[in-house]
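Colleague: Read top to bottom, the protein sequences are chains A and B. The numbering of the first sequence is full-length UniProt numbering, which starts it at 1 and goes up by one. The numbering of the second sequence is full-length UniProt numbering, which starts it at 1 and goes up by one.
Among the hints, a few may not be true.
Copies of the same chain look alike in the list, so a pair counts if it works inside one copy or between any two.
[Said to hold, decoys possible] Here are the computed lysine to aspartate or glutamate pairs in the DMTMM-like style, where the Cα-Cα straight-line distance is at most 20 angstroms:
1) K394 with E404
2) K394 with E286
3) K185 with E281
4) K185 with D65
5) K229 with D140
6) K185 with E378
7) K229 with D182
8) K185 with D219
Derived by calculation from the structure, the hints in this document are not laboratory data.
2 protein chains.
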Amino acid sequence: MPRHLTFGVILTGTGGPGEHNRWLDPEIPGDASVDLDWYTEQAQAAEAAGLDLVFIVDSQFITPDSPPHYLNRLEPLTLLSALAARTERIGLVGTATTSYNSPYNLARRFASLDLISRGRAGWNVVTSGDAGTAGNYGLDEHYDYATRYGRAAEHIEVSRALWDSYEDDAFPRDRSTGVFLDPDKLHTTDHRGEHFRVAGPLNIERSPQGQPVIFQAGDSDEGRDLGAKYADGIFTHAASIPANRAFADDIRARARAFGRNPEHVVILPGAKIIVGDSDEEARDEELAQHRLSNTFEQALGELGRPFGWHDFRQYDLDAPFPDVLVHAERSFRTQATSIVEHATREGLTLRQVVELHAAPRRSPFVGTATTVADAIEEWFRAGAADGFNIYVSKPSQFRRFIDEVLPVLRARGLARDGYTGTTLREHLGLPVPANRHTAERDTAAVAARQPASV
Amino acid sequence: MPRHLTFGVILTGTGGPGEHNRWLDPEIPGDASVDLDWYTEQAQAAEAAGLDLVFIVDSQFITPDSPPHYLNRLEPLTLLSALAARTERIGLVGTATTSYNSPYNLARRFASLDLISRGRAGWNVVTSGDAGTAGNYGLDEHYDYATRYGRAAEHIEVSRALWDSYEDDAFPRDRSTGVFLDPDKLHTTDHRGEHFRVAGPLNIERSPQGQPVIFQAGDSDEGRDLGAKYADGIFTHAASIPANRAFADDIRARARAFGRNPEHVVILPGAKIIVGDSDEEARDEELAQHRLSNTFEQALGELGRPFGWHDFRQYDLDAPFPDVLVHAERSFRTQATSIVEHATREGLTLRQVVELHAAPRRSPFVGTATTVADAIEEWFRAGAADGFNIYVSKPSQFRRFIDEVLPVLRARGLARDGYTGTTLREHLGLPVPANRHTAERDTAAVAARQPASV
Ligand SMILES: Cc1cc2nc3c(=O)[nH]c(=O)nc-3n(C[C@H](O)[C@H](O)[C@H](O)COP(=O)(O)O)c2cc1C
Ligand SMILES: Cc1cc2nc3c(=O)[nH]c(=O)nc-3n(C[C@H](O)[C@H](O)[C@H](O)COP(=O)(O)O)c2cc1C
């Protein structure tokens, strides 16, 4: 096991999905989701602990049933640009959708973040699970899966081409000769694909990490292929060691099939970590936190989300779970399918499904610092995770992870003790991608040096 | 003259248009345009001096003939978000085009900047003068003027509607009742226009200034109407007192015709300010700076810009200025027209036009601190300007403006001494726009209280 654990921290304000009442916790200011100082505190604490990255999730469609953090939040790159100015070393990964962005615009924004942070930017590529986003961008309906993932792949390809517009030595900025630009090192993009046409070049140079790091989040077959083909990191759910081990093996096999080194894909399940003085105290805290999550009514409303915010209030609560999968076709289809399959398999009513969603889900990472460290180590050694994207329930719990769990992992040689590099790629142990035009030129030069007969 | 002078500072790194060799000045780091710390120093100096705003211009199309700052620069909102984290009071105005952005995305980004800066965001609305931008967004050709300005107006309308998604009291966040959101104060947008369809709502609350401030830059008839109808501020060229007075009168007349209070449109010509110990020394400095601007070759290349980067190298330099206005039709038409008209009127050759562009243009704001202050006062009192957007040639010159010119203006009661408010609207003396839904509700309530017979 050569690599240490990678740790991201998912910064939210008033909670995540399913957390409607988290803001009632006295530690959480009601306006945390839109307060830069709140995020700054968490990011600086994460950086002081040497964590690899902060991670911002996103959505662009709300209903009054959306949980508080979704109702009122900052656009991820705006937030990360501000955090770039208040941190020095930690990676900055933001979620942005390929379904409702133009590649030139988005590639430019990530390149800019990458430069102002001196090589710390990452892009979590999503295709927008919330189908209603379409209505905010002039469409009657969200794209189907083939189009969503087709756009995503092409969007990444174009972005990478744009990010190579300038070779690394394109700007001599030589005061003695007065030469600012070497025009031979500036390249247009000339992309003409199925979904996008982009002439280029991009008007910004590369950062010390070459290109922003790519994360991917989406569990379907299409999503896994996208991640295996392009991503440096994968964000996924933490189900169980066997399930996540199978997921990781699958991703690595796909990466190999795409001709990639599977070591260059860092897989991070999301982990809710709760630390107590005893395992029991920690479980009690988990229960107490859960009571702040959602009521039956709130869970009933939010259950609609994977099904394109379908309204479940119209159904008899005590009848069998309704036949609604069709509504998930262009939304969170993978997640919706697993809900429906579970209900069918177990013969559950709608009420039972909602109760399951409103009931405490036990996280594998709850207990004393040693218990949590043991669980983390077990997942890591089993090949179920290369690290974790941590959900922070509240600052005091984040402190306990930093002050109590991390030292145990460090003592076991599993966690880095401070930063060894300055860029996100260095934190993740990933190579800097060579500029394609430089590489081409070098290959051509090598070929030219070969005797013609060889 | 009730209002004081408004001062913006245009932050660039290695210079602006026509400044190809500014980076040779030892005060300008070669990578200033992409260095957050460079911008931070200027912004913090501007804030310490109590200036109203920093201003970032933009373009998304380059050729090897583009000046250094254009070749390699940060995306404006990324930069401003970072500066928001490093400043407290100064306004943050960023240029963004309505031709190649989606309203939901852009409105969200400005709203986020507005919140993280606690009410200091401004949007300089442009339609993209560089026609080549179209190729970076999948179009063969840039929009014609009617479409460009039609989109601009509709984009602003939708943005303002999105910014009113939440009424100011939409979030009770009442811990005693557990009520986070008052759903009656959340409003969809339901916009269906000629260019955009946007369902809304936007997932972000309003800032202390209600909505981001709107600037406009574009001098054509269409541009003036757009500014007069929607803008809180206008960015324009500084030509001469009579020309700018006529421009200002025209804008104010149009604003009145749109039913607006013309006092609520702040007109800021761009001003190059150079201060010396004597008027002569300042003129010498202007000349020295000009020598760093461009060579004949560079001026010949950049002359193509208003004409859609038309290549003038193909013409006989000593023949009459060629008939090329058609190429400006979808680019900087107003600017190109004035170049052509001037050449025709004076019977100039191409070489003479280029020489004029490469020759020192004398700024009206060059001299001792008193000379500069006199000129500023004269423009202000003549109604030719409500203030200025200052081009900073280099930090030492910016310091002289701050340390020498501003105190003179303050002593004359023309410039503010420090901030009196915290938001950009307060700096500019502009009212906070009432949320449209609150206003509607209030009007309805008043109507309901009237006796039916009145
Ligand atoms: C762990 C995880 C995190 C995700 N985060 C986001 C997100 O922040 N924003 C978003 O729009 N979609 C997010 N998605 C949704 C995906 O982009 C995708 O649209 C959705 O999962 C449906 O695709 P799938 O069936 O491939 O999972 C996430 C998906 C997963 C599995
Ligand atoms: C003072 C001034 C500043 C401008 N700044 C920008 C800018 O930063 N980015 C941009 O794309 N266009 C900029 N423009 C261009 C306008 O948006 C517009 O496209 C162009 O001026 C042509 O329109 P017009 O004929 O109405 O002036 C600027 C125009 C003026 C007059």
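Colleague: Hint by hint, note whether the structure agrees.
Modeller: Do the hints match the structure? See the list:
Within a single copy, K394 and E404 get their C-alpha atoms as close as 15 angstroms, which meets the 20 angstroms cut-off; across copies the closest is 50 angstroms, which misses it. In this homomeric assembly, K394 and E286 come within 20 angstroms of each other (Cα to Cα) only inside a single copy, at 12 angstroms, whereas the closest approach across copies is 57 angstroms. For the identical chains of this complex, K185 and E281 are neighbours neither inside a copy (61 angstroms) nor across copies (41 angstroms), given an alpha-carbon limit of 20 angstroms. Taking the shortest alpha-carbon separations for K185 and D65, only the inter-copy value of 14 angstroms comes in at or below 20 angstroms, while the best intra-copy value is 52 angstroms.
For the homomeric pair K229 and D140, neither the shortest alpha-carbon distance inside one copy (31 angstroms) nor that between copies (31 angstroms) is at most 20 angstroms. When the C-alpha separation of K185 and E378 is checked against a cutoff of 20 angstroms, the pair qualifies neither within a copy, at 48 angstroms, nor between copies, at 48 angstroms. In this homomeric assembly, K229 and D182 never come within 20 angstroms of each other (Cα to Cα): the closest approach is 33 angstroms inside a single copy and 45 angstroms across copies. Taking CA atoms no more than 20 angstroms apart as the test, K185 paired with D219 passes in neither setting, with 39 angstroms inside one copy and 36 angstroms between copies.
Consistency with the previously given hints fails for numbers 3, 5, 6, 7 and 8, ordered from lowest to highest.
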